[in-house]
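Got chain A; can you put chains V, F and Z with the ligands on it based on the hints?
Going line by line, the protein sequences match chains A, V, F and Z. 190 is the number that this note's numbering gives to position 190 of the first sequence; each next residue is one higher, with no gaps. Just add 326 to the spot in the second sequence (first one is 1) and you have this note's numbering. Just add 853 to the spot in the third sequence (first one is 1) and you have this note's numbering. Just add 1147 to the spot in the fourth sequence (first one is 1) and you have this note's numbering.
Don't read these hints as lab results, they were simulated from the structure. Hints are not guaranteed to be accurate.
[Unchecked claim] Straight-line C-alpha distance at most 30 Å; calculated BS3-like pairs for lysine-lysine: (1) V:Lys-349 <-> A:Lys-53; (2) A:Lys-129 <-> A:Lys-242; (3) Z:Lys-1581 <-> Z:Lys-1601; (4) A:Lys-40 <-> A:Lys-53; (5) Z:Lys-1274 <-> A:Lys-242; (6) A:Lys-53 <-> V:Lys-333; (7) V:Lys-349 <-> A:Lys-40; (8) V:Lys-349 <-> V:Lys-401; (9) V:Lys-604 <-> A:Lys-40; (10) V:Lys-367 <-> A:Lys-40; (11) V:Lys-655 <-> V:Lys-792; (12) V:Lys-655 <-> A:Lys-53; (13) V:Lys-349 <-> V:Lys-367; (14) Z:Lys-1515 <-> A:Lys-129; (15) A:Lys-242 <-> Z:Lys-1222; (16) Z:Lys-1274 <-> A:Lys-129; (17) Z:Lys-1222 <-> Z:Lys-1274; (18) V:Lys-367 <-> A:Lys-53; (19) Z:Lys-1534 <-> Z:Lys-1581; (20) V:Lys-401 <-> V:Lys-333; (21) Z:Lys-1515 <-> Z:Lys-1534; (22) A:Lys-40 <-> V:Lys-431; (23) V:Lys-349 <-> V:Lys-333; (24) V:Lys-367 <-> V:Lys-431; (25) V:Lys-792 <-> V:Lys-604; (26) V:Lys-431 <-> V:Lys-401; (27) Z:Lys-1534 <-> Z:Lys-1508.
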Amino acid sequence: MRYMLQRAGWFLLTLWAAITLNFLLPRMMPGSPADAALAKLAQNGPVTEQTRKAVEAQLGVPDGNLLQQYLDYLHQVVTLDFGVSYAFYPEPVTGLVLQALPYTLILVGLVTIAAFVIGTLLGVLAAWKRGTWMDALPAVGGSFLGTFPYFWTALLLLFFLGYVGHLFPTFGAYSATTVPGFSWAFIEDALYHAALPATTMLVTSLGGWIIGMRNAMITTLGEDHVTFAEANGIPGRTVALKYAARNAILPNLTGFGMALGGVVGGSVLVEQVFGYPGIGFLLFNAVTGQDYPLMQAIFLMITVSVLVANLLVDIMYGILDPRTRR
Amino acid sequence: SLQITSKPDPTIGDDTLLIAGDKGTPTFTANFNPFNANARKAAAIVYEPLIWINPLDGTLVPWLAESWEQPDPQKIVLTLRSGATWHDGTPLTTGDVDYTFRMLKEHPANDTGGVWSRVDTVETTDSTIEITLLAPDSPALPVIGAMLIVPEHIWADVEDPSTWRNEEPVGSGPFQLGNFTSLQYTLDRYAGYWQADQIDVEHLVYPAASEEMDLVTKGYDWAYAYMSDVENTWMAANPHNRYWFPPGGIIGLHLNHDVAPFDDLDVRRGLSLALDGKQVGEVAAEGYMDEASQSGLLLPNQEDLLNPEIPDRGIIARDADAAIAAFEKAGFQHDGTTLRTADGEPFTFAITTANGYTDWLRAAQEVQRQLRGVGIEATIETPQPAAYEANLTSGDFAVAMGSSNGSDAFQGYSNLLWGEYYAPVGEASQNNRIRYRNDEVDQLIGDYRASVDEDEQARILQQLEKIFYDDLPVIALYYGGLWGLYNDGRFTGWPSAEDPYAPLQTYQSSPLRVLTRVRRVRNGGAS
Amino acid sequence: MSAMSTALTTTFTASIRTVWGNRKARIGLIILGLFVVLAVLAPLVAPYGPEDNGFERNQGASAAHWLGTTAAGEDVLSQLIFGSRISLLVGFGAGGIATVISVLVGLSWGYVRGWLGDVINFVVNMFLVIPGLPLMIVVATYLSNGGISVIVAVIAITGWAWGARVLRSQTRTLRGRDFVEAARFSGERAPRIVFREILPNMTSLIAGGFFGSATAAILAEAGLEYLGLGDSTVISWGTMIYWAQNSNALLTGQWALLFAPGLCIALLATSLTLINFGIDGISNPRLREGSTGR
Amino acid sequence: MSTATHRTTPSTPGAEEPLLRVQDLSVVYEPVGAPATRAVREVSFEVGRGEFVGLVGESGSGKSTLGFALTALSKPPARIESGSILFGDVDIASMSAEELRTQRQGGFAMVLQAGMNTLSPVRTIRKHFHDIFAAHRHVAPGDRDDRAAELVGRVSLGPEVLDRYPFELSGGMRQRVTIALALSLEPQLMVFDEPTTALDVLVQHAVMDTIRELQAQEGFTAILISHDLGVVLESAHRVMVMHDGRVVEDAPSEDILRRPQHEYTRMLLSHFADPRAEHVALPGLEAPVAGTATSAPSASSSPAAGGGLELRVQGVSKSFGAPRRGAQPVLAVDDVSFTLAAGGATALVGQSGSGKSTLAKLITGVEKPTAGTIHVGDAEVGSLRRKELRDLRRSVQMVFQDPYAALNPLSTVEYTLTRALTNLTDLRGNALRKRLHELLETVGLTPAAQFAAKLPHQLSGGQRQRVVIARALAADPQVIIADEPVSMLDVSLRAGVLALLRDLRERTGMSLLYITHDLLSARLITDDILVLHDGRVVESGPTAEVMRHPQDEYTIRLLDAIPDPARVHGARPDRGDLP
Ligand SMILES: Nc1ncnc2c1ncn2[C@@H]1O[C@H](COP(=O)(O)OP(=O)(O)OP(=O)(O)O)[C@@H](O)[C@H]1O
Ligand SMILES: Nc1ncnc2c1ncn2[C@@H]1O[C@H](COP(=O)(O)OP(=O)(O)OP(=O)(O)O)[C@@H](O)[C@H]1O
Ligand SMILES: [Mg+2]
Ligand SMILES: [Mg+2]
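Okay, chain A solo, but in the shape it has when bound (with noise of 0.2 Å):
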């Protein structure tokens, strides 16, 4: 009991001083958000004075000082009403937020566990093949695509299936004519849109996960229980995954975590080259825009998600792991 005490004030403490984090962090960045409404109207010419009070007056921040400003966040946080975006003025965050939510969920999250799982399995294979082509394959082949920069890969897939082949829409999330719902058309044209951003991310993030559960398990083939499940004549098919791929995951759930919370704050690169409207793009103009409400509510969701995505992963590790039952 108070071990579980103890745990959860750690928890909670991690959340309060993420949550206070998330405050500081956007009133660091130099300028206001009137600065960053203002540069953007420069672009059209000169401003004058009286544009920038008006500018001012519409976002009408930041209010009082920092503590009362700090208040007011302790108290959308707790009401989960972040009020008005300042870049997307006068959008409420929350609705933002939700709207590029599914977008990023479906393809981030659909991604990052696609990635995870060929990229484990792949890995099996590598380490149970090692030293054939199907272990060099995977193993030097995901790990190069690996090393490309994200934006590169999208750019080039972008240009050369997308402007030049014209094989693949080239930016959004669905076409301009197809009436978000929950209908097949939709879904199809939605499929069809986060193609090329899936492929990049599959690919650009496959190599990781199959040199982690390699590595894990050429050791783990080397120990002691796999050699005696092979001596005692059970099927290589059977020792390769129920002996050995079933103890090499565990190290690599823990990364598997890290990954999945991470899903909610989309992928910047990979969003901002396809034009996705997803949290990455938000995000991203969020920072760009000194927009305080969105990036709080953004980083908020984001810390929390880390927070239970590693929850999630002790109570996986709970269940696959026997040894950490009790």
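Only chains V, F and Z with the ligands this time, still in chain A's reference frame:
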């Protein structure tokens, strides 16, 4: 090599103009409140101003106001056009104009033009609007004229017009909102428009995807973007693609006059002589833009305003020896390689430019290179745009890349140089960010504001040009371009250097004028 | 300390031999070596200065400009060669700083007990929980004036926590070893035990962490530059892509402008990953090359 | 090969056709980036059906490698270089992977060394059985649970273990499960690779009994690999002795015991003794005769030595907080009192987990007692602060159990000793160097200069243990706690280290607390003994007395657990044969 060509959407009809006039981030939110900074760009043509001002040379074109007069410098009387109606058929009256003024007064957040910083009272009759200004202020006319008029019968019921999103706008412009989705919206021709006979385009399509890549590949009819190597990109993509890049402002070095040694004219002169604006423009704008005149005018647009006394139309040639001489006059020493201050320290300063403004950055780098020629080692600082804004407004800079002047020559000088706008370093000043103070200039600006005589105004302008040339408040480098791209395959009548009736800006009120002149190409000729 | 140095030299040469003995690692070392040579000898190797912009703009490949010229009239090949300096600097700089921080934190964290450990745990968790790239973006925006050193700092600050965690658990394992207890019986004090007895036994882990961080740093720098949040005045592979993108290199058919720097980043990062294959072999002999005979 | 006697006739009857025929087998390890080692060299032998063969030899002599080869489990980097292994009349090498796999049922099985880790940590015992049954389909699905229960019953475990995870079982139980799993294959040949090494003395004894009984019942052919000649002699009909990759002797157990041919075998035998005997001796080391337990420090102690200190332990207890949530706290040491006289030598014996190391930690101040007091001389250890504790280390030092783990692999001998000298003494510069050489000479590492420069991996196990002892001696301690200092060493090295400890004590007059589970060594070097059981002292007194006439039942069990070949073969090794 791989040449990208345009592949227009076959579903777009002959009467439909594809315009890259708005950019999704990455999607559109429905916001057609024209006073809102994040409004959809098309809101600026759904609503109309009283007077349309040509951003190229500042000429005024009667729009909702069919005429106006300035009986004295403190009064403006506008006569409203009859026959204009709102998209719902309601007639547009002086009541709407009156309402718009009142609404802006009540909601300063919407008064982005700063109308109420100049207006004292507004009185209307059935056909006229009489405006009394706070002070003799003849240049207030274009500011007031540019104000967009909104319908009282709709806006009066809105609780807070400054946060209202106005998702189904009812305006008076040539087009009304058609279909809106988060990735694209269309405007449809309004048959009841007061000059409907001038509108030949049936539909305007504004897609959210309007990156350079899209402009070239998706068959846009009209776009506004700085396109690197335009000949090999935009022009090569379609035989009917055209471009026109007239000057729209002056890009130069903005010197902080409250920071030594930039308060010293000899130093400013030295800098000016050390720099070759042509070369800077060459590097920054790939040769598409000319060297800027130190007169502060946009040449050739404003050629007729130019003071003939200014040598070489205000172009100051690079002369390293003269530059060094000027610096030496200011107490600097040049030892053959390095320019040193009076204390013997190498002279160095930072050039501030906003991160992401790549043409400015290229310019700053070229300036840096050229300054090495006179022994100055400058550094470059690239804060994010918001921080750049904040730094310049508060005077926290020494030398900055900046843009100034523009279509309204007087407005350009007064914004930049008027002592009224002066604030010491540390206090905010949005207009006179260079912290310039000159009694002679203040006198001239006062005189101009108090005058309604065009000849006198022209004379005053020439004097201001001369001061701009002699006193070098900013070092003009090259012209910032108005990057118009269009395709004359399906539509003709676009503005051009020969017929500069409007710039090709896709934002603000410019499209209002352009769309009254553009005509469909009817039989054949389409690509 | 000479005993230490001979011991380290012995283990070092042995490690090098193990790494070199791994075919993949050998290829990695060769590639890395090439890049280092290019970077060091850039002024001699590059045909032109990286900022010489007197050439015709947007040229394709030619004898004078093997990879063409940029939109500002600079020679792409020369930029590519000089750009290796920044990538290496950022990679080794940020990777090095991140590694040092993770070593300092990870080892002390693994060694101390009680509330201090909880506090460190808390701090490290914060850095793990705060989203990396966004944090990087915010800090980069905040410090956008400092040039490449800021980028290095930003990447290092956001990149050490994971390594600290790994090193901490390894420290925990090692601190229970008899030789650590024995050092205590020899009257050694805590810092010396941590950094003299424990640390050298984690060399391969630390080296692996270093190369991992360096790879991440190189990619992060490129990402920041691409987003326009880095220092666009320096010439690095990241800024080259940024400028290429800005000047529509793909539209003008100057795809080498975009392709070459990306490939260089990938190659450099790959070389570090390949070296890590060999380092994995030091810490875990089972990973040394070989086949299961299956 | 010259001295090896090849005996094809097993000493047990009933062998017609040999089950296993090994001919000129050589196995080589070819690791990447390291030189190749030939671990098994030209070995030839035969094993008949139902035979129980022992395979002994010191660490690294190639026993496991041979075992793996026999059961076709050699994996890279190991490679069978030459020779053949005939199982029945098939050559194992000629079998395909699938044939081999099926052969594992009803063929050959292996119980791996370090049996603690041979079970998958995330699968229940039942699943382990089911996997085997499913792989070979020799047990109908409906009968599998019953069969599994029966098999665990054969190794004296209840069916409830089937639903446990390996980590929920003790080491001995795990080892039994491993044996049951191997049994489930109904093999004709079973290779046991050190099945009891990692286990406690008492458990070790029980597991060996199980193996013996099973072999007698089931009649499979058994090959028992062990480094402990005692264990092997107790069980096997025939013994093969390996040395440096070769089988140097192969003879029936009795012959080995009575007429060892090979010099190496004789050496092994010479290190075998019964601590209960009146007269106990190893080469170079003789135990004090029972009843004459007087080992006052000899007068000729070295001038540097400060003589011994008295160690008084009074009513000391130590409990550890619950290791897991919900579990009971562990009372590791329970009300222990004893006094170690200045210059005396006391043994602390007991099975694993009885609290020996904990007591050592309490005495050295690493842990604080929950109750009671410990005095070293005048200092009360429990109340010392960090600084004072460091001072205590000048007089109380520890010799660690595992010489491989107790030395930093990256530090030279010189560094290790210099650090101890700098920290614990005032010697600097030349004086320090002189003392360092003196220390090395004291522990018999000569020439000192040569050893000083070595790294641990360049030393043999015995040499390493000497360095560990030298480090403990650096500050001329008055009390030395030696926590199982020889348990990791081969027999051939063990006696030397023990002799060294005893000599040191006699020369310097320091007090020695010798912790061990090995009663023989306790008998050899201590005067008094404490038997610890579950944290409590169950018996104490002069060592020889206690060994010869144990009172407590636990002590008797401990003594009984010592392998005694004589019990099986009805004879003690004939010492007279030895040179
Ligand atoms: N994987 C390996 N790679 C290289 N050499 C090895 C490997 N495994 C064992 N050896 C070497 O082979 C020789 C024999 O080892 P083996 O494990 O058979 O000895 P053992 O008699 O079983 O010793 P122990 O009693 O310690 O278990 C040793 O010299 C050892 O160092
Ligand atoms: N730090 C600790 N925390 C909790 N329990 C402990 C701790 N150290 C020892 N114990 C427990 O105290 C008991 C005695 O352990 P100790 O190490 O003293 O035994 P030992 O006699 O030295 O055994 P071995 O022969 O295996 O070394 C065991 O049950 C052990 O699990
Ligand atoms: Mg072995
Ligand atoms: Mg112990």
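Query - Non-conforming hints, listed in increasing numerical order - result: Of the numbered hints given earlier, those the structure breaks are 6, 8, 12, 14 and 20, listed in rising order.
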